[in-house]
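Q: Chain by chain, the residues:
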Amino acid sequence: MVVGLRVGVCLLAALSVTAFAQTDGAAGLAIPATTLAINSATPLSQRVVAYDMDAKYNAKTHSLDATETLTYHNLTGQALDTFPFHLYLNGFQPTSTWIREGKRWNSYGPDLATWDAKSYGAQEIKSLEVVGQGDFTSQLQFINPDDENKDDRTVVQVHLSKPIPPDGYVQFKIKFHDQFPETLARTGWNRDFILGGQWFPKVGVWWHGAWNCHQFHYDTEFFADFGVYDVKLTVPQYEVVGASGIEVGSVNNADGTKTVTYHGDDIHDFAWTASPHYLIYNDTFQGSMGPVKLRILMQPAHWGQAERHARIAKETMEHFDRWYGPYPYKTLTIVDPEPGSEAGGMEYPTFITGDTTWYMPKGVLLVEDVVEHEFGHQYWYGMVATNEFEDAWMDEGINQYTQIKIMNSIFGASTSIINMWGVTAGQVDEARPGLEAVADLDPIAKNGWEYADPNSYGGITYFKTALSLLTLEGVIGEDTMRRAMHTYLMRYRFTHPTKEDFLKTIEEVSGQDLRWYFNQAIYGTQVLDYEAMKITSVPVDWYKENLKEKKGETEYVSNVWVHRKGEFVIPIDVEVKFDNGDRVREHWDGKDRWVRYAYQKKAKVESVEVDPDHKIYLDRNNFNNSRTAEANGDPARKLANYWTCISQFFAQFLAWWLV
Amino acid sequence: MNGKTSLVSAGAAIVQRNKRYIVWFYLLNLAFAHFGATAFSDAAHGILDHSLYADKLLHGFSLGVFTEMLARPEFGTLPGATHPAMMFSVVFFLASLLFMPGVLLGYASDHPLPRDEFYRACGRNVWRFVRLFLFFSVIAGIVAGILFGGLNALVSAADKTSNERLPFFTQLIGDVIVLVVLTVIRMWFDVAQTDAVLRDQPAVRKSIVAGLRKTRRNFGRLLGSYLVIAIVAAAVLMAGILLWYAIVPPSSILGAFIIGQATLLLLLATRFWQRATAVAFYVREMTEPVAEEKRAIPGFAAPLVS
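Heads up: the sequence lines are chains X and E, in that order. Each residue of the first sequence is one higher than the one before, counting from 1 in my numbering. Each residue of the second sequence is one higher than the one before, counting from 1001 in my numbering.
These aren't lab readings, by the way, just hints derived from the structure by calculation. Even for Gly, the Cβ is constructed at its ideal location relative to N, Cα and C. Hints are not guaranteed to be accurate.
Derived CB-CB ranges, DEER-like [unchecked claim]:
1. E:Arg-1115 x X:Val-538: 51 to 59 Å
2. E:Leu-1254 x X:His-614: 27 to 35 Å
3. E:Met-1087 x X:Val-240: 51 to 59 Å
Hey, can you work out the whole structure from these sequences and the hints?
A: Next comes the structure, spelled out in structure tokens:
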């Protein structure tokens, strides 16, 4: 601990050297230009906020009391006199919009039917002072910009007496109290574990000429400005703590607590965790911007999987670094949360949670799937900080796309989720059924809380987006798509790009007008389904009596029909295979509802296949993409045999016990 | 039957002598399962037969492709495809209930049981077996309900600890204990069924009492025999699965069929082995003097033991 304190003092001294780079001359306020937590000599983002927080966590009551000093730099270009704040933990109240939406889908997600008061969460601002303007606590006003729910208390607003001029600074001094819920939405406590996510009053984002500060919705996530975080966490000494950013100090206090200090640069949120049970696994990834320290907090029962977590994290980071761009932060904390805590699979800046169980066969790649996905969010959310309320697909969907690419690259396309006992499943196999049931319900481009239901939200934002981008890759080429993703990252990292920023980047890099595709895939609900409809092969001399067909000698007139069953129009390749081994490729623009190809050869058509290179991942039904002239009953017989065995076993089991 | 041989060996000898019963029951189950799988099979053929995509199910087993097949509207609803198999499982259970008296009588006989005697035993005991099944269901249901209720409470308590393995192993050990208890009840009713058939006992409650008394008196010996055979059954199942995985190529329908059916046949045999053990036990018991008046057992001209 003494060593930690010395390091902390040195680092804080370093902080003070670089501070006050962006100062407001009049008030002496500034956003620190520190670079302690990044592998860069200069700040990477246009920093809007600086949060300085001192929080004391009560492990017995799962509550927290804290002070928050928020310095806000008005870069909006206009005077601001109103500031909205998120109070996300109030979403875990019975009358909140979050719960009401959750109840609407009562068969989905956490068991809200048995949800009781001890599991509620709450966030209360005890006082709010605007430096130089006085106390505004009594003037705080809850607002509900997204719905009619007056009882929702997840957004609070304050009107200042004096507007903050363009390029001016304002400082808020807030005292608040948190009551963490029993883990919901990957936040809260479970037994003696805590995951502190969305735990502090967070100012909204001025975006496109207005405040963007949505209520907490059941399906959607978050949106915030980049800045600097300095956070002191006081917890019992027995706790092992992990958090966003880098640890710059740790001091043991006389009352049996300890205060751990963290610093984060160019991040837009701060999360932390504590548990007495964590075992720490350290590793390092050598990225192109410098070394990244991996700190993996494992449950003791999962210790044997620590290396598995580290390996996939490093492989993922290597792929991202090589394909899309560098990871600039000095740390990545991976948390293996308390079993059964519903805290697995979540992303915060430089801080992610995995998900595993004590028994996880190597052939089931759940650990890898989750770690890859959540690390991907360090790019598509962490750095490219899109609006997760309004454009959920831009973090979840784009991330799902890169997940498929990277997992397939590491583990193989058909075995990148399951490869055990002869049973296989790839990433695309997960995505396709997820989309199937909801394919025409909602467009991708839609506010996250306005989807038909959570299945549609998941199926469209994650899977349709990923499959759309994979299909687009088939249109513009894999290399071009990768260059477009790289350009998008490097151009828009540390900003809040819109959907059009992303789409126009792809058009620009590919040099193609892709509106015809985006209008259907991103903005539309058209379903893509092509069908190899029919095959006929008739002997040219069919009219001759006693005609004996002979392979290789008899001449046939063959026809194949291809049908566009869905409304989604995309040019396709069609491959026709003849029984003498010949193959013919056709290209169809798909604009008509069907097309027929005719051939006269000394061979019959054996099969016809739409999209023979398997590039159109959005096609709803892959079974009808091909048609063989002759039936092959073996696949169905194999399944029927399995089913027969299972039925027999069940019958014998029944008779075993009952007779 | 030699009174000095173990019950397990005596049961094995009976099964060995009467293999035909197992074969017939096996064929019956196979036929029912085949009929039950028709809806599933038809739906699968409709989607897969002309599609090249189906190759991923033949040369391997792509879970994604399989899931896609189930999700296709033309596959119909999953219950529509699977319920017939469940119904035929129930039919097999009813057939077992109907024919088991003949099997028990055959097991007790030292010569191949003539067909008419077999069916006569089946017919005479059908209602008794239905009543025994109902008694068994009530007793086993109550006991299982209590035990599983307790087990669930234990698992819930274990779930509240931070030891992640505790709930799993609590559940596992609890399940084994419940299965052993249910095996005891099954054993008791196996003896009661044997009593009903061999003594031609119309009052099944007397058979239940007799079964309970005999089981209690020879509890360790009987339970040990049943558990040994159950362990053999588990080993057969494991071996079958391992063999299937190790030696059957993914595209070999015949190989999978042979291994699968051999495993199921052997599994069925282990249950018949348990029944034969109960018969051997009962017959040995009958050779010893008991206070009850013995009734003539129809169809037995020769001594009951060999």
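Q: Now tell me, hint by hint, if it's right for this structure.
A: Comparing the hints with the structure gives:
1. E:Arg-1115 x X:Val-538: 51 to 59 Å: 58 Å, holds
2. E:Leu-1254 x X:His-614: 27 to 35 Å: 30 Å, holds
3. E:Met-1087 x X:Val-240: 51 to 59 Å: Since the Cβ atoms of Met-1087 (chain E) and Val-240 (chain X) sit about 56 Å apart, the hinted range of 51 to 59 Å holds.
When each numbered hint is compared with the structure, no violation occurs for any of them.
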